[in-house]
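Undergrad: As a plain string of letters, each chain reads:
Number of protein chains: 2
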Amino acid sequence: MHLMILGAGGMIGRKLTQRLLAEPGVLPGEGKLLSLVDVFAPEIPATTGLKIASEAADLSVPGTAERLIARRPDTIFHLAAIVSGEAEANFEKGYAVNLDGTRALFEAIRLEGKKQPYRPRVVFASSIAVFGEPFPAAIGDEFLTAPLTSYGTQKAICELLLSDYSRRGFLEGIGIRLPTVCIRPGKPNQAASGFFSNILREPLVGQEAVLPVAVDVRHWFASPRSAVGFLIGAATLDLRRLGARRNLAMPGLSATVGEEIEALRAVAGDAAVRLIRHEPNPTIIRMVGGWARNIEAKRAIELGFRADASFTDIVRAHIDDELGGSIGGRSI
Amino acid sequence: MHLMILGAGGMIGRKLTQRLLAEPGVLPGEGKLLSLVDVFAPEIPATTGLKIASEAADLSVPGTAERLIARRPDTIFHLAAIVSGEAEANFEKGYAVNLDGTRALFEAIRLEGKKQPYRPRVVFASSIAVFGEPFPAAIGDEFLTAPLTSYGTQKAICELLLSDYSRRGFLEGIGIRLPTVCIRPGKPNQAASGFFSNILREPLVGQEAVLPVAVDVRHWFASPRSAVGFLIGAATLDLRRLGARRNLAMPGLSATVGEEIEALRAVAGDAAVRLIRHEPNPTIIRMVGGWARNIEAKRAIELGFRADASFTDIVRAHIDDELGGSIGGRSI
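Going line by line, the protein sequences match chains L and D.
Numbers 1 to 332, taken from this note's numbering, label the letters of the first sequence in order.
Numbers 1 to 332, taken from this note's numbering, label the letters of the second sequence in order.
These aren't lab readings, by the way, just hints derived from the structure by calculation.
Hints may contain errors.
Because identical chains share one entry, a pair is satisfied inside a single copy or across any pair of copies.
Below are the EDC-like pairs computed for lysine to aspartate or glutamate, each with C-alpha atoms no more than 20 Å apart in a straight line [unchecked claim]: (1) 298 / 66; (2) 187 / 322; (3) 32 / 58; (4) 115 / 92; (5) 114 / 88.
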């Protein structure tokens, strides 16, 4: 059983790797090989169980997808992407990586299958950025994809390709529309949604954070733990249950920035909340205004996908997973 | 005012050309030049008014789009495509023409605009093939695009590109999802939907036609006249009224094959109906089963687009436009 993670060096890729190493049995199959791929060769974690390989590869460079697919991985987690802010700032790079890179991957799989039958499971990390306002009170499974960013457009296009390549029998695709992952560990990246995490993560370690939008802004969230759970679920789902519609909005938690802040207060107190500095940013306000606020992920829930129950849970999970279970010397 | 029709040699392209020549004032602008482009140089009709140029060009050949766009047409009707049956039979050709050709066009426009400001109106002929079952009783303007053919996938992807390129200010795009055009004049093509026309067109001139599906099959139709009206409407619409959602389902007529046949009977009598031979074709039955049957084209109707009132009107329009107003020596 050969598992390949494209974008393994990113936050979700690292979290998925950790989970697969901690619980090698979470995916079926014997004698697992785990290939970690990213534009910079991902660090190989210390491990006892799985065989691990690491490799630098850029799907948007011609020939790269063919080289990777020649190894015929059984399951491919395709998480590699330029994030929303960068795809908006750099039109050509966004299309080259997010669209052409993904299409090169699917084409490499199709052409490999012409040499000798091959139909891998492809778990594609899509995004709620495929949706754009105006929205109903909750976005249903049959709501149109009308993205308002180039990133969302690229994800929506790849979803369509994934469905068509699956329908034609070239691969076994499933696309999962991840909510905004919060709390993102580590440093801020260029994702325009980064502040949703920053305003919790930084105060939890005594650092200031900037809030660029109003506290009544509502958005759709999942913890890193839940996001990894979604990927595992997608890799193991009986795809006959999906039918032709291969792209699923994942369940999540609909919450306002104010509710995030109250969860921070409940867990870490007023002192932490005081570290959030409100500094309105018109560009981010405009982008966020077009984003999904609430999704009725009925199909995904029926298929067994599960989200976080509350923002307090999300904050506590972050403290457990990233801060060794305590903040400021206090255990939670 | 430079108008360019890509796919001018196809049925809709020829009908649009005829309309623009018959009514040069239907589109605003003085000193009109009409460029007709197709993979084979379209025939230049005899004309009194407009300047016309004809050219053979294949958008899927590198450099072609740049060459065409260097002439900076003000309005581009993009009708060029491989039809549904061929795109399903030839996966690579369908993607090369319908997706890569369209993207090359949009990219050529973007890059031309970098040299000197340029933002043409692009009217993109999309299709109800962007939809796939299961359907509600009538498909609304916010229904998802989940195509069940490669053709529909390619159209849905181009719609997304059109919206993003419009949002970024590279072009003034509008995509219109054409119903199945019926009655198609001329010879059958590779469109899997061709029989909807064949069973009317052929009997009207005393020829047999094959019906490959059951008479209770319901589908969504517009006459060639209406389709041309939609293109003209899209070329003249104030696009500020569209907002970010640049792709519109066009109004049409929801009718069963049985209703088509009754319209034929009403206009041409039982003898014509007896020329239809029922010969079930499992492949076509399966494809048609996934197609849209009824669409609530609310936005388009609010914006002024108008469809045919009845199938009898559609049959009569065909007799007027294609058969000189009479059938079998009888004037209708």
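Undergrad: A separate judgement is required for each hint: does it hold in the structure or not?
TA: Hint by hint, here is what the structure shows:
Proximity of residue 298 and residue 66 under a CA criterion of 20 Å is satisfied in neither setting, with 37 Å inside one chain copy and 46 Å between copies. Proximity of residue 187 to residue 322 under the C-alpha cut-off of 20 Å is restricted to the intra-copy arrangement: shortest distance 13 Å within a copy versus 68 Å between copies. In this assembly of identical chains, the alpha carbons of residue 32 and residue 58 never lie at most 20 Å apart, being 24 Å within a copy and 48 Å across copies at closest. In this homomeric assembly, residue 115 and residue 92 come within 20 Å of each other (Cα to Cα) only across copies, at 16 Å, whereas the closest approach inside a single copy is 33 Å.
Taking CA atoms no more than 20 Å apart as the test, residue 114 paired with residue 88 passes between copies only; the shortest distance there is 17 Å, against 36 Å inside one copy.
When the structure is compared with the earlier hints, violations turn up for hints 1 and 3 and for no others.
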